[in-house]
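Colleague: FYI, the numbering for the sequence shown is 249 to 340, going by the working numbering.
Keep in mind the hints are simulated off the structure, nothing from the lab.
There's no promise every hint is true.
As the list claims (entries may be wrong) - Quick list of the computed label-pair ranges, beta carbon to beta carbon:
#1 Arg293 <-> Arg267: 20 to 26 angstroms
#2 Gly312 <-> Leu284: 16 to 22 angstroms
#3 Asp289 <-> Ser266: 15 to 21 angstroms
#4 Arg267 <-> Gly297: 19 to 25 angstroms
#5 Leu269 <-> Asp295: 27 to 33 angstroms
#6 Leu284 <-> Gly311: 16 to 22 angstroms
#7 Gln327 <-> Ser266: 16 to 22 angstroms
#8 Thr262 <-> Thr292: 32 to 38 angstroms
#9 Lys330 <-> Asp289: 17 to 23 angstroms
#10 Ser266 <-> Asp333: 16 to 22 angstroms
#11 Asp316 <-> Ile275: 26 to 32 angstroms
#12 Pro274 <-> Lys330: 27 to 33 angstroms
Think of the CB as a built atom: it goes at the ideal place given N, C-alpha and C, for glycine as much as any other residue.
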Amino acid sequence: MMYPSHSEANDRVTVEISRHLEEIVPIFLENRAHDLRTLRDALTRQDFGTIQNLGHRLKGDGGGYGFDRITEIGATMEQAAKQKDYSLTEQQ
249 MMYPSHSEAN DRVTVEISRH LEEIVPIFLE NRAHDLRTLR DALTRQDFGT
299 IQNLGHRLKG DGGGYGFDRI TEIGATMEQA AKQKDYSLTE QQ
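My request is simple: use the sequences and hints to build the entire structure.
Modeller: Rendered as structure tokens:
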């Protein structure tokens, strides 16, 4: 199954999903939408602990579902939060 994903500058990329993940990918993406709301709230409060934990989780989960870009974003978020770099965290 091919799934669209957003990369930097909202360009679309195609992600190839393993057949055994097809049924759970929509749930995975729905959970990422929830993570985005959590991230926005954490950014507003400058809650770097939450941002770091979320980034760490995204870093681990993205590639397992075929979304390497999510892994990259998570890794950057985690590092930015460790450094308390608000602007870099917000860019992700």
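Colleague: The structure should be examined with respect to each hint, and the outcome stated for every one.
Modeller: Verification of the supplied hints:
The given range of 20 to 26 angstroms is broken by Arg293 and Arg267, whose C-beta atoms sit roughly 41 angstroms from each other. At roughly 19 angstroms, the beta carbons of Gly312 and Leu284 sit within the given window of 16 to 22 angstroms. Evaluation of the 15 to 21 angstroms hint for Asp289 and Ser266 yields a failure: the beta carbon distance comes to about 32 angstroms. In this structure the supplied range 19 to 25 angstroms is violated for Arg267 paired with Gly297, their Cβ-Cβ distance being about 38 angstroms.
For the pair Leu269 and Asp295, the supplied restraint of 27 to 33 angstroms holds, since their beta-carbon distance comes to about 31 angstroms. Taken as a hint, the range 16 to 22 angstroms holds for the pair Leu284 and Gly311, whose Cβ atoms sit roughly 19 angstroms apart. At roughly 29 angstroms, the beta carbons of Gln327 and Ser266 sit outside the given window of 16 to 22 angstroms. With their beta carbons about 33 angstroms apart, Thr262 and Thr292 fall inside the hinted range of 32 to 38 angstroms.
Distance hint check: the CB atoms of Lys330 and Asp289 are about 19 angstroms apart, consistent with the given range 17 to 23 angstroms. Between Ser266 and Asp333 the Cβ separation comes to about 34 angstroms, which falls outside the hinted range of 16 to 22 angstroms. Checked against the given bound of 26 to 32 angstroms, the beta carbons of Asp316 and Ile275, roughly 19 angstroms apart, lie outside it. One distance hint, 27 to 33 angstroms for the beta-carbon pair Pro274 and Lys330, holds here, with the actual separation near 32 angstroms.
When each numbered hint is compared with the structure, violations occur for hints 1, 3, 4, 7, 10, 11.
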